[in-house]
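K.L.:
Sequence:
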Amino acid sequence: MSCPAAPAPTRPPARPSETADLASAHALFGCYLREVAAPDGDVEMVGGTARVRLRHLDRTVLCRVTRISPILAHRYTGQVRCLPGSTIADVDRPADRGHGVGPDAGHTVDAVVLAELFAAELATRTGTRNDEFVGQVAASRGAIDLVLRERPARDPAPTGDPVTDAYVASEQSLVYGHPHHPSPKWHGGDPVGWRRHAPELRTSVRLSWLAVPAELLAEDGPFDDLVAELDPPAAPTGHRLLPVHPWQLSLVPPADRRLRVLGPAGAPLRPTASVRTLYAPAADLFLKASLHVRITNCLRKNARYELTGAVALTRHLSTVALPPGVGVLTEPAYRTVDLAGLDEAYGTIVRTGIRAHVRPGESVVLAAALAAAPLTVADPVGWWRSYVRLLVPAVLRLWLAHGVVPEAHLQNVLVVRDAAGRPVRLVLRDLEGLKLDTGRVPTWPVGLPREVAYSPAQAYRRIAYCLFVNHLGGLAGALADGRPGIEAELWNVAHAVVEASHADLGGPPELAALLAGAPLPAKANLLVRWQRAADRNAPYVTVPGPFGGAR
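Just so we're aligned, residue 1 is where the sequence shown starts under the numbering used here, counting upward by one.
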C-alpha cells in the first residue's frame, strides 16, 4: 500500500526530531478524527481549529487546520494540544479562559502522548487493548527522525539517465509515509537491516541468489530469460537460480540443505517505496520479492496464490483492451521453491519496467510523490482536468465494462509527464491488488486463483476508496495546498468527468449514487492497527461524498 506519502508540516521546526514529531502527531490526529471522532459525532470545527472530544477521558484534543477537506483529509498545522473537558461548553468554561480557548489553549502533547490518549480512549470504546500501539507510533516517529537526519541530500548512485534518476528519486522520496496511517513508518525486522534497504535513505542493494535443484522449483513464465538481464552468477550443474531480497536470507535462512546460497551478486537495484520491490535500472525490470518484515500493517511476503495469480492476471489482461492513455506494468514470470514454508519465503515475481511507457522528452514519477507535498503548477485546474480525464474513465471502464478492479491508489500509479510537466499517460502497477468482479466476469479465467475474486460490493468499495478517497483526494489536497481555495473547483471538474463516464458506460447505478453525493468508504488504518488485523480484514468508515449532487 497499501499506498501515498504524508506532506511535510507547514513551517517545519528546525530540528529533525521536532519535524518528525509534528508529522507523526498530525497523521495520528487526522486518523482518529476521520475514523473515530467524525463517525461518532465527536469533532467540531471552531474558528479554524479541529476539536476532538475524548468522551471517556473527559478531554478535548485540538489542532489548527489550514485546509478543510470535503472527505475529511484535512491539512493540519502547529502543535496538537489537550484541554480538560470533553464538550465545547466544558472547554469554554470561565476557568479556562485565562489560558485562552483558541488554537494555543491547553497543554502541548507530542505524538507519543497523543497515542497514549487515543489508546486509552479506544480501549474503553472498543473493549479491547493493544499493548503495541503506542510503541508503533513512537517507532514510526523515530524512523522519520532517522531519515531526516541521515537521508543523503543527493542520490549517491545516479545512473546519469535523467528519466531513470527522476523516477528512482520519486520512489525513494516518501519520507513521511502514508498521511492517513497512525504509524506510517513503523516496521518490524532489525534496525540494521532496515537501514540498509530503506528507500528513503536512497539505498542501492544487490540481490542474494539461491541455487535450487530444478526439481524443487515452482515457476511460470520466461523467468530465466528475464533475470538474465540482471547479470546473475553462474548456476551449478542441475540447479536453477532464484534471486531473493538481500534482507530476507538473514530473516529466513534456507532450512533445506539442497538449497545453496550463492551470496550477493549482479547489477545494483534500487528499493522502491514498498521496500520489498526492487528496481534494476540497467535491465529496466522490477523484482517483487518476499520479505518477512511487517511494514505498516502487513508481513510483506508473496503468498503462493499471489505468485500464480500475477502471471495468470498478466495473461488475462492481454485479452482486455486497455483504455487510451493507460498502460500496465505486467508480471509475466515467477519462481519459488516448491517446498512447504519456503514457497512463500522465497517467492519472487518479475515485473516489466518503465521505459516502454515513456517517449522522448517525457518523464515518469510515482503518483504518491506528487501528492506528498504542496503541488504547485502553473494551471492547477487545467493540470487536474488532464489528469482526471486519464485516470477516472480508465479505471471505471476496466471495472464496469471488463470486471477488472485495479487497486488504483497513489502508490500503484505512475504518471508520465511531458516536457512541460503535464500528465499525458498513466501506468498501473502491482497485480497483487488487482481483482476481478465476479458480478461482471461471467466465465472465470482458466488458471486464475479464486483468491483474486471480489464480490460486486467488495469491488465497489475498493474502487471508491482507492480511486476517489485515496488517489483523487490526496492529489486534490496537494494541488489545493499549492493554490489555496481551489479544492471545490477540482471536485467540480472530477464530477463532470465521472458524469461523462456514467453516460458512456450506460448509466450504471453505482456511479449514479456517487454523482448524487453518496458517502464514500475510507479504509480505517488506525482501527485495523488497533485490532491487529490483516489488511484484507481492514474495517472501513464512511466520509462525505465530494460531489454532492449535480453541478
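It is worth saying that the hints were derived from the structure and are not from the lab. The structure presented is a predicted model; accordingly, all values stated were derived computationally and were not measured. One or more of the hints may lead you astray.
[To be verified] Here are the simulated SDA-like cross-link-like pairs (lysine to any residue), alpha carbons at most 20 Å apart as the crow flies: (1) Lys301 - Gly382; (2) Lys301 - Glu116; (3) Lys301 - Pro484; (4) Lys301 - Glu229; (5) Lys301 - Gly188; (6) Lys301 - Ser250; (7) Lys301 - Arg532; (8) Lys301 - Trp444; (9) Lys301 - Ala166; (10) Lys301 - Asp338; (11) Lys301 - Trp194; (12) Lys301 - Val364; (13) Lys301 - Asp190; (14) Lys301 - Leu322; (15) Lys301 - His402; (16) Lys301 - Glu451; (17) Lys301 - Arg385; (18) Lys301 - Pro456; (19) Lys301 - Ala234; (20) Lys301 - Arg355; (21) Lys301 - Thr330; (22) Lys301 - Ala419; (23) Lys301 - Gly193; (24) Lys301 - Val392.
K.L.:
Does each hint fit the structure? Answer for all of them.
P.N.:
Evaluated hints:
| no. | hint | in the structure |
| --- | --- | --- |
| 1 | Lys301 - Gly382 | violated (41 Å) |
| 2 | Lys301 - Glu116 | violated (31 Å) |
| 3 | Lys301 - Pro484 | violated (41 Å) |
| 4 | Lys301 - Glu229 | violated (24 Å) |
| 5 | Lys301 - Gly188 | holds (13 Å) |
| 6 | Lys301 - Ser250 | holds (15 Å) |
| 7 | Lys301 - Arg532 | holds (17 Å) |
| 8 | Lys301 - Trp444 | violated (26 Å) |
| 9 | Lys301 - Ala166 | violated (28 Å) |
| 10 | Lys301 - Asp338 | holds (15 Å) |
| 11 | Lys301 - Trp194 | holds (16 Å) |
| 12 | Lys301 - Val364 | violated (27 Å) |
| 13 | Lys301 - Asp190 | holds (17 Å) |
| 14 | Lys301 - Leu322 | violated (29 Å) |
| 15 | Lys301 - His402 | violated (29 Å) |
| 16 | Lys301 - Glu451 | holds (16 Å) |
| 17 | Lys301 - Arg385 | violated (38 Å) |
| 18 | Lys301 - Pro456 | violated (27 Å) |
| 19 | Lys301 - Ala234 | violated (26 Å) |
| 20 | Lys301 - Arg355 | violated (27 Å) |
| 21 | Lys301 - Thr330 | holds (19 Å) |
| 22 | Lys301 - Ala419 | violated (38 Å) |
| 23 | Lys301 - Gly193 | holds (16 Å) |
| 24 | Lys301 - Val392 | violated (30 Å) |
In summary, the structure is inconsistent with hints 1, 2, 3, 4, 8, 9, 12, 14, 15, 17, 18, 19, 20, 22 and 24 from the numbered list given earlier, while agreeing with the others.
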